[in-house]
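> Residue-level listing of the chains:
There are 10 protein chains.
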Amino acid sequence: MLFMVEMDVNIPLDFDRAEAARIKAAEKAYFQSLQAAGTWRHIWRKAGHYANVSIFAVDSNAALHDTLMGLPLYPFMTMKVTPLCRHPSSLHDDDR
Amino acid sequence: MLFMVEMDVNIPLDFDRAEAARIKAAEKAYFQSLQAAGTWRHIWRKAGHYANVSIFAVDSNAALHDTLMGLPLYPFMTMKVTPLCRHPSSLHDDDR
Amino acid sequence: MLFMVEMDVNIPLDFDRAEAARIKAAEKAYFQSLQAAGTWRHIWRKAGHYANVSIFAVDSNAALHDTLMGLPLYPFMTMKVTPLCRHPSSLHDDDR
Amino acid sequence: MLFMVEMDVNIPLDFDRAEAARIKAAEKAYFQSLQAAGTWRHIWRKAGHYANVSIFAVDSNAALHDTLMGLPLYPFMTMKVTPLCRHPSSLHDDDR
Amino acid sequence: MLFMVEMDVNIPLDFDRAEAARIKAAEKAYFQSLQAAGTWRHIWRKAGHYANVSIFAVDSNAALHDTLMGLPLYPFMTMKVTPLCRHPSSLHDDDR
Amino acid sequence: MLFMVEMDVNIPLDFDRAEAARIKAAEKAYFQSLQAAGTWRHIWRKAGHYANVSIFAVDSNAALHDTLMGLPLYPFMTMKVTPLCRHPSSLHDDDR
Amino acid sequence: MLFMVEMDVNIPLDFDRAEAARIKAAEKAYFQSLQAAGTWRHIWRKAGHYANVSIFAVDSNAALHDTLMGLPLYPFMTMKVTPLCRHPSSLHDDDR
Amino acid sequence: MLFMVEMDVNIPLDFDRAEAARIKAAEKAYFQSLQAAGTWRHIWRKAGHYANVSIFAVDSNAALHDTLMGLPLYPFMTMKVTPLCRHPSSLHDDDR
Amino acid sequence: MLFMVEMDVNIPLDFDRAEAARIKAAEKAYFQSLQAAGTWRHIWRKAGHYANVSIFAVDSNAALHDTLMGLPLYPFMTMKVTPLCRHPSSLHDDDR
Amino acid sequence: MLFMVEMDVNIPLDFDRAEAARIKAAEKAYFQSLQAAGTWRHIWRKAGHYANVSIFAVDSNAALHDTLMGLPLYPFMTMKVTPLCRHPSSLHDDDR
Numbered sequence: 001m002l003f004m005v006e007m008d009v010n011i012p013l014d015f016d017r018a019e020a021a022r023i024k025a026a027e028k029a030y031f032q033s034l035q036a037a038g039t040w041r042h043i044w045r046k047a048g049h050y051a052n053v054s055i056f057a058v059d060s061n062a063a064l065h066d067t068l069m070g071l072p073l074y075p076f077m078t079m080k081v082t083p084l085c086r087h088p089s090s091l092h093d094d095d096r
Numbered sequence: 001m002l003f004m005v006e007m008d009v010n011i012p013l014d015f016d017r018a019e020a021a022r023i024k025a026a027e028k029a030y031f032q033s034l035q036a037a038g039t040w041r042h043i044w045r046k047a048g049h050y051a052n053v054s055i056f057a058v059d060s061n062a063a064l065h066d067t068l069m070g071l072p073l074y075p076f077m078t079m080k081v082t083p084l085c086r087h088p089s090s091l092h093d094d095d096r
Numbered sequence: 001m002l003f004m005v006e007m008d009v010n011i012p013l014d015f016d017r018a019e020a021a022r023i024k025a026a027e028k029a030y031f032q033s034l035q036a037a038g039t040w041r042h043i044w045r046k047a048g049h050y051a052n053v054s055i056f057a058v059d060s061n062a063a064l065h066d067t068l069m070g071l072p073l074y075p076f077m078t079m080k081v082t083p084l085c086r087h088p089s090s091l092h093d094d095d096r
Numbered sequence: 001m002l003f004m005v006e007m008d009v010n011i012p013l014d015f016d017r018a019e020a021a022r023i024k025a026a027e028k029a030y031f032q033s034l035q036a037a038g039t040w041r042h043i044w045r046k047a048g049h050y051a052n053v054s055i056f057a058v059d060s061n062a063a064l065h066d067t068l069m070g071l072p073l074y075p076f077m078t079m080k081v082t083p084l085c086r087h088p089s090s091l092h093d094d095d096r
Numbered sequence: 001m002l003f004m005v006e007m008d009v010n011i012p013l014d015f016d017r018a019e020a021a022r023i024k025a026a027e028k029a030y031f032q033s034l035q036a037a038g039t040w041r042h043i044w045r046k047a048g049h050y051a052n053v054s055i056f057a058v059d060s061n062a063a064l065h066d067t068l069m070g071l072p073l074y075p076f077m078t079m080k081v082t083p084l085c086r087h088p089s090s091l092h093d094d095d096r
Numbered sequence: 001m002l003f004m005v006e007m008d009v010n011i012p013l014d015f016d017r018a019e020a021a022r023i024k025a026a027e028k029a030y031f032q033s034l035q036a037a038g039t040w041r042h043i044w045r046k047a048g049h050y051a052n053v054s055i056f057a058v059d060s061n062a063a064l065h066d067t068l069m070g071l072p073l074y075p076f077m078t079m080k081v082t083p084l085c086r087h088p089s090s091l092h093d094d095d096r
Numbered sequence: 001m002l003f004m005v006e007m008d009v010n011i012p013l014d015f016d017r018a019e020a021a022r023i024k025a026a027e028k029a030y031f032q033s034l035q036a037a038g039t040w041r042h043i044w045r046k047a048g049h050y051a052n053v054s055i056f057a058v059d060s061n062a063a064l065h066d067t068l069m070g071l072p073l074y075p076f077m078t079m080k081v082t083p084l085c086r087h088p089s090s091l092h093d094d095d096r
Numbered sequence: 001m002l003f004m005v006e007m008d009v010n011i012p013l014d015f016d017r018a019e020a021a022r023i024k025a026a027e028k029a030y031f032q033s034l035q036a037a038g039t040w041r042h043i044w045r046k047a048g049h050y051a052n053v054s055i056f057a058v059d060s061n062a063a064l065h066d067t068l069m070g071l072p073l074y075p076f077m078t079m080k081v082t083p084l085c086r087h088p089s090s091l092h093d094d095d096r
Numbered sequence: 001m002l003f004m005v006e007m008d009v010n011i012p013l014d015f016d017r018a019e020a021a022r023i024k025a026a027e028k029a030y031f032q033s034l035q036a037a038g039t040w041r042h043i044w045r046k047a048g049h050y051a052n053v054s055i056f057a058v059d060s061n062a063a064l065h066d067t068l069m070g071l072p073l074y075p076f077m078t079m080k081v082t083p084l085c086r087h088p089s090s091l092h093d094d095d096r
Numbered sequence: 001m002l003f004m005v006e007m008d009v010n011i012p013l014d015f016d017r018a019e020a021a022r023i024k025a026a027e028k029a030y031f032q033s034l035q036a037a038g039t040w041r042h043i044w045r046k047a048g049h050y051a052n053v054s055i056f057a058v059d060s061n062a063a064l065h066d067t068l069m070g071l072p073l074y075p076f077m078t079m080k081v082t083p084l085c086r087h088p089s090s091l092h093d094d095d096r
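Residue numbers (my numbering), protein chains in the order written: chain A, 1 to 96; chain R, 1 to 96; chain F, 1 to 96; chain B, 1 to 96; chain E, 1 to 96; chain L, 1 to 96; chain H, 1 to 96; chain G, 1 to 96; chain U, 1 to 96; chain Z, 1 to 96.
Check the hints yourself; a few may be wrong.
Computed footprint of chain R on chain Z, listed as stretches where at least three residues anywhere in the stretch have a Cβ under 8 Å from a Cβ of chain R [as the list claims (entries may be wrong)]:
1. 53-65
2. 75-86
With beta-carbon atoms standing in for the labels, derived distance ranges [what the hints assert, rightly or not]:
3. F:Asn-10 to H:Leu-91: 49 to 57 Å
4. L:Ser-89 to F:Tyr-50: 18 to 26 Å
5. A:Ala-20 to F:Asn-10: 27 to 35 Å
In case anyone wonders, no lab produced these hints; they're calculated from the structure. Don't be surprised by glycine CBs; every beta carbon is placed ideally from N, CA and C.
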């Protein structure tokens, strides 16, 4: 089951830089483990913004919630969640 | 080069049904030719809406414009266009 | 899996009254079959509005989409869909 | 008499963590006493957000106000209040 | 129990004038019976607009809903409903 | 001459509590003197919010401005001002 | 007493042209009588829009309401009303 | 050439009071020199707000920009700029 | 003196096609005469939209207004006007 | 390939002035190198605002993203990105 999640990141100007770097590294590791597992199916940068559009494949709303709450950058993000489903005209089996 | 295009479809209540069916069939054929060509890379329905989120792979802004203007349903659609780029953390080569 | 769906109904002033009555009757029958099946778990009127807040229990985003698209009043409605999940503090087992 | 209350929680990044934990524990206790009493009839998380949708059963607008003002997390919340009423098509007696 | 209801009236330019006059007369009669009964406690015009701010005294959300649905001009109105309660500093007993 | 004024109060989380209590007490005294004088004709809480809807009777826009600027809580408030006038259908002489 | 009124005019594409011309002529005559009387103190076009910003000098909110309701173009206009008062720093006596 | 400029002033609660008083005095002197020169043609308070509506007469967009950037309170203001032009129906020669 | 004008075009679905074609041809001729004269300095399509961003060089707000009002497509357009001025860092003399 | 980028700059009131001056100088140097290279094709101030409208000529969305991320003032800016394309009616070859 797929969800589009749009994430805007906003780290305050005066936030400690070393701490920010540590959180971003943790975020990257967490992201890549989810990407390898197939949960975080797609990610793209929005050009010109510290923001991304992502597609998640999860079993339930609760699984999506727990996955997003686990993001190290979560407290710095604004989220928009859109539930998706397969388009009837699609020729691709995995655009489910 | 990728773009997210969000399309909302709104056909007036009193629009001729046979004409609407003809336009939708043309839309589907046009869509599938673009999907087969790799231009319309992804499409998903927004659950509960007559609307979709799509990812287009094109060579330029102009190619995107011409592709969207060719949609038989274009006069019935509201569009939102977001230019995307590859995310630096992605492990997938083709999430470009 | 639960979703909140907020529905606003807007039937044009000059829409045929007999046809509107027929559609509303079909809507009521469809609604009650879904309510009896446990799919349309809750429904409340928004006071002062021709609108409701509903809670749906479905197996997937696709099931939600198909259910909503089947509403006889769908062409007259504006929808807002919010995916929900169980609250960790809840004492009720079925607020899932 | 029922009300939908949508609550968004926003605790500042630099708020004292021990104090936040204390407030959340008080919130949970307060919530569960209201849930047990039947006042806080339903609660669901909004997937991906530190936010909930709740249904309150109270005797008056004033009772709702006093209940919400008593929330330990109230100073950190943005509220949206929607008065509800029973839907005429509902088969369930207690969706009042 | 009090509610503020803000009503904006919008009658289409090409709506039949005699029918509009008939509906407005019915609205005025309905309004004055509710005002005499104490249900429609206050009404004020918004200067420069075909709109009003009203205060209703009713026993429940459902009573408010039924009262508003009975307005002859309801199909031409946009409504905003705000539940109110007595202000703790008020010296007036009937600002309940 | 009547005006509706909607006031939202927002005192920062870290504002000195004793100072806040002192300002609120001054606000209450100022409010009650205006209420006794008939200037602040009505006040109601918005249920669930630290906010009110008020009706002011003043001689001019300038008198309204000076009255509001004198509020001890003014620096913590967001205001919305709506000029009102008597509704032609009203049976009450003093809903002027 | 002064008010800023912003007026946007929107005449439907298919509205009868002769009737529109007649209404605009009536509007101009009404406007000029109010301008000569000092009620409609200022008027400026918003560049690029069929819209104006105006300053009215009236005795009360009710006088403003009646003046605006008398505009022949009123049914085609969207209005925004802002009550003004003299600025304490102004050197001009008549910017009241 | 005329422009409407709407200015909202927002001085932070914890800003140094003596410094604020000094800036406001400089603002008043600057304002009055521009008013005397005919550049700042009109100013009115928005009733109930720390905000004004002003009309500027300048030779160019650049002159407007430089004038506004010179305001001592500029860093505390939110601005809205609307280019105006003479209304064809106006009887006043200087409403240019 | 430069202005950015953003134009969105919306021709109703049921508007006569021959008439629309005639208006578009008139629009193109008018546009090209203004472009040749240097008044309509730049124009770009917004990708995916029947809309453009344009830069006008005119002597006054009134000249801009008259130019835009002369557009054959004006009744079908929504406009946004932004006054511009030369950027102090620019190396180009004609980005005035 | 062209993009319109609208940039609003907001430097906090209490930000260190010397540091701000250093960042602005770096911004100007960066800007002028991009302007000389033809990447930052146009820039205009929005009159009355610390904001600009710019036109960028880049090879891809990714090139635009990297260019904008390199702005020394980026952390203080809010961006709006609009992909553009050549207008079919344009007589100018380089309005591509």
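> It remains to establish, for every hint, whether it holds in the given structure.
So, going through the hints one by one against the coordinates:
1. 53-65: Coverage by chain R holds for the segment 53-65 of chain Z (5 residues, Cβ < 8 Å).
2. 75-86: holds (count 5)
3. F:Asn-10 to H:Leu-91: 49 to 57 Å: 53 Å, holds
4. L:Ser-89 to F:Tyr-50: 18 to 26 Å: 24 Å, holds
5. A:Ala-20 to F:Asn-10: 27 to 35 Å: Cβ of Ala-20 of chain A to Cβ of Asn-10 of chain F: about 47 Å, so the range 27 to 35 Å is violated.
When each numbered hint is compared with the structure, a violation occurs for hint 5 only.
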